[in-house]
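Knowing the structure of chain A, use the given hints to seat chain B on it.
Protein chains: 2
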Amino acid sequence: MDRNQLINLIKQKQSFLCVGLDSDLSKIPQHLLDSDDPVFEFNRRIIDATLPFTVAYKPNLAFYESRGAAGMRSLLKTMDYLETVKDECFTIADAKRGDIGNTSTQYARAFFDKASSGFDFDAVTVAPYMGEDSVSPFLAFENKWVILLALTSNKGAFDFQTTGDPEGQKLFARVLTTSQQWGSPANMMYVVGATRATMLAEVRQLVPDHFLLVPGVGAQGGSLAEVAQYGMTHDCGLLVNASRSILFASADEDFAVKAAAEAGSMQAEMKQLMMLKGII
Amino acid sequence: MDRNQLINLIKQKQSFLCVGLDSDLSKIPQHLLDSDDPVFEFNRRIIDATLPFTVAYKPNLAFYESRGAAGMRSLLKTMDYLETVKDECFTIADAKRGDIGNTSTQYARAFFDKASSGFDFDAVTVAPYMGEDSVSPFLAFENKWVILLALTSNKGAFDFQTTGDPEGQKLFARVLTTSQQWGSPANMMYVVGATRATMLAEVRQLVPDHFLLVPGVGAQGGSLAEVAQYGMTHDCGLLVNASRSILFASADEDFAVKAAAEAGSMQAEMKQLMMLKGII
Chain A
13 MDRNQLINLI
23 KQKQSFLCVG
33 LDSDLSKIPQ
43 HLLDSDDPVF
53 EFNRRIIDAT
63 LPFTVAYKPN
73 LAFYESRGAA
83 GMRSLLKTMD
93 YLETVKDECF
103 TIADAKRGDI
113 GNTSTQYARA
123 FFDKASSGFD
133 FDAVTVAPYM
143 GEDSVSPFLA
153 FENKWVILLA
163 LTSNKGAFDF
173 QTTGDPEGQK
183 LFARVLTTSQ
193 QWGSPANMMY
203 VVGATRATML
213 AEVRQLVPDH
223 FLLVPGVGAQ
233 GGSLAEVAQY
243 GMTHDCGLLV
253 NASRSILFAS
263 ADEDFAVKAA
273 AEAGSMQAEM
283 KQLMMLKGII
Chain B
13 MDRNQLINLI
23 KQKQSFLCVG
33 LDSDLSKIPQ
43 HLLDSDDPVF
53 EFNRRIIDAT
63 LPFTVAYKPN
73 LAFYESRGAA
83 GMRSLLKTMD
93 YLETVKDECF
103 TIADAKRGDI
113 GNTSTQYARA
123 FFDKASSGFD
133 FDAVTVAPYM
143 GEDSVSPFLA
153 FENKWVILLA
163 LTSNKGAFDF
173 QTTGDPEGQK
183 LFARVLTTSQ
193 QWGSPANMMY
203 VVGATRATML
213 AEVRQLVPDH
223 FLLVPGVGAQ
233 GGSLAEVAQY
243 GMTHDCGLLV
253 NASRSILFAS
263 ADEDFAVKAA
273 AEAGSMQAEM
283 KQLMMLKGII
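Each protein sequence line maps, in turn, to chains A and B. For the record, in the first sequence the residue sitting at position 16 is 28 according to the working numbering, with numbers rising by one throughout. For the record, in the second sequence the residue sitting at position 219 is 231 according to the working numbering, with numbers rising by one throughout.
These are computed hints drawn from the structure, not numbers from a lab. Just to be clear, a hint being listed does not mean it is correct.
Heads up, the list lumps identical chains together, so a pair's fine if it works in one copy or across two of them.
[What the hints assert, rightly or not] Derived BS3-like pairs: lysine-lysine, alpha-carbon spacing no greater than 30 Å straight-line:
| id | residue 1 | residue 2 |
| --- | --- | --- |
| 1 | K156 | K182 |
| 2 | K182 | K167 |
| 3 | K126 | K89 |
| 4 | K283 | K270 |
| 5 | K182 | K98 |
If we strip away everything but chain A, and leave its shape as in the complex, we get (with noise of 0.2 Å):
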C-alpha cells in the first residue's frame, strides 16, 4: 500500500487507528482454547469486529515466536486472512530488525517476500542503532515501508535516545535527521510514543511529512487528543496503535463485541480530531 492509498483510506474511514496484534495465548478468553488455533480465531474475531474502525493491523512478532513454530502457524493465518480485506488496511510487522546490510536483506525477505518466506507484510519496524546499511536494504523493496524507532514509549527511552551530543541534538533527533537521507516520507515512518506527547512537537518540526507510528495511548496512558495536537499534519500523519486496551477489553464471550466498542470510541475521537484539523 503506497502513502496514497494510505491517506485515502484514513479518510475514508474517518480513522488513523492501528490494532496492534499483541495475541498473548495466556490472556485469551478460556473458551477459544478449545479450537484448533486459538491465537488465530482470536485475531479473525478481533479483526472482524474491529475492521471499519482500523486502517492498520501490527502483529508484534515476539508474541508469535514465543510459541515455537505453533505461533508463526497462528501468524501465517492471520495474515493471509488479512490478504483477503488487503485494500481496507495496511499491516505492520512489529519486529524491531536490523543488522549488517546482507543479514538485513534476509529480514526484509522475511517480512516482504511472500514467495521466499510466505509473509507480505506493508510495513516493518526497525531498530536505528546499527546506522544506514542495517536500514537500507529495507527500502529497495518497492512500496513497503520502513518503520524506524526515533523516541520510543518505555521508560528505558531516557537511557540512551534523550542524551545529547555536544551541539544539544538528542539522539532520537540526530536519528531523525540523518535518517531521511536514506527513504523518503513515501517509504518511512517513524516510533514515537504517545507517553512522549509534548516531544511530539519537537519531533514534527524535524519530520514535517513523515507518517508517525504512535504507540502508548491506552494501556500505556499517552493521550489521543496530545498526540493529535502536537503530531497531526494535513495528511494526518499519525497512525495511533492501541493493543491490550482493544484486545483485551474483556475476558469473556463478549470480548469481540468489547473490542469493536473500544475500537469505535478511538475511532469517533479520531474523526472529531480529524475534523478539527480540517482532513475530513
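Just chain B now, with coordinates in the frame of chain A:
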C-alpha cells in the same frame, strides 16, 4: 552454560572461535540441494567438521526467517543437533531483538524457553536502543545470557554509535557504562566489531571482565592478532566469530573439509595468542 564452564571449554579446546551459521540457501553447495532439508544437512556437516576447533555456534536468525516455516524447521533441527553436543559448545541466537518489557519477555521465551518455543539457546543478541526495560527481561532467565550491541562492525556504526555527548562520551561507551548496572559479567556480553580493533582498548577500560563477542574477522577484514592484543583478558574474555570465511570456504563437495581447515587454522592462531597471554 555458565561463565566458568565457558572459560573451561575455551581452555580445553584452546580456542575462542564462534562459527556463525549464516546458512544462505543460495550459497550452499549444489549437491546438497537434493536432500530433504539442505540447510540442515549443510549445518550438520559444518558442525561435525568444525566442532573440534569451535567453542560456540551462532545461527543468524535472519537467514532462517527469510525462508519462513521451512527455514525455522531447519533451525530447529540444527539446534536439536547441537543439543546432543551441548557440553562442547555455547549457542547464540543472533537475533538483535529488543522491545518494551512485556514484549522482550516474549522474545526471551522464543529463545530460552524450550517448552514454549522449542528453542534453548544459551544467549541472544539484543539491541540497546530502547534501554533497560527492553534488556532486563532476558536477564531474568537463569543461566542465560544477553549479548548487547555496543560497537558493531559495519559502516553504519559511525551514524550513531560513535556520536559523543556533551562530556565527550560516545554512545557505545554510554551503552557499556549504563548497562553494567543491569547485569553482570556472568550473564552479559557485548558485541564489539573486529573492524574497530583499536577501539577495543577503549572498550576494555570500561568493561574489564565481560566477554566480548567479536564479529568482523574474516570476510569483513578484521585481524585476530589485533583483537587479542586489545581485547583479551586473563580469562580470554573473547568469542571471535567467523561466518562466511568458514561456511563458504569451498562451494564444492569438499566444503566441510575446507571449513574444518579454515576453522583449524583460526584455532591454531588462537592457541598461540592464548599461550602468549599465559591463559593455557
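Hints and how they fare:
1. K156 with K182: Cα proximity of K156 and K182: one copy only (28 Å, versus 33 Å across).
2. K182 with K167: Both, since 16 Å and 21 Å are each at most 30 Å.
3. K126 with K89: Answer is both: 13 Å inside a copy and 23 Å across each meet the 30 Å cutoff.
4. K283 with K270: Answer is within; shortest intra-copy Cα gap is 20 Å, inter-copy 64 Å.
5. K182 with K98: neither (38 Å within a copy, 44 Å between copies)
Hint check: a violation occurs at hint 5 only; the rest are consistent with the structure.
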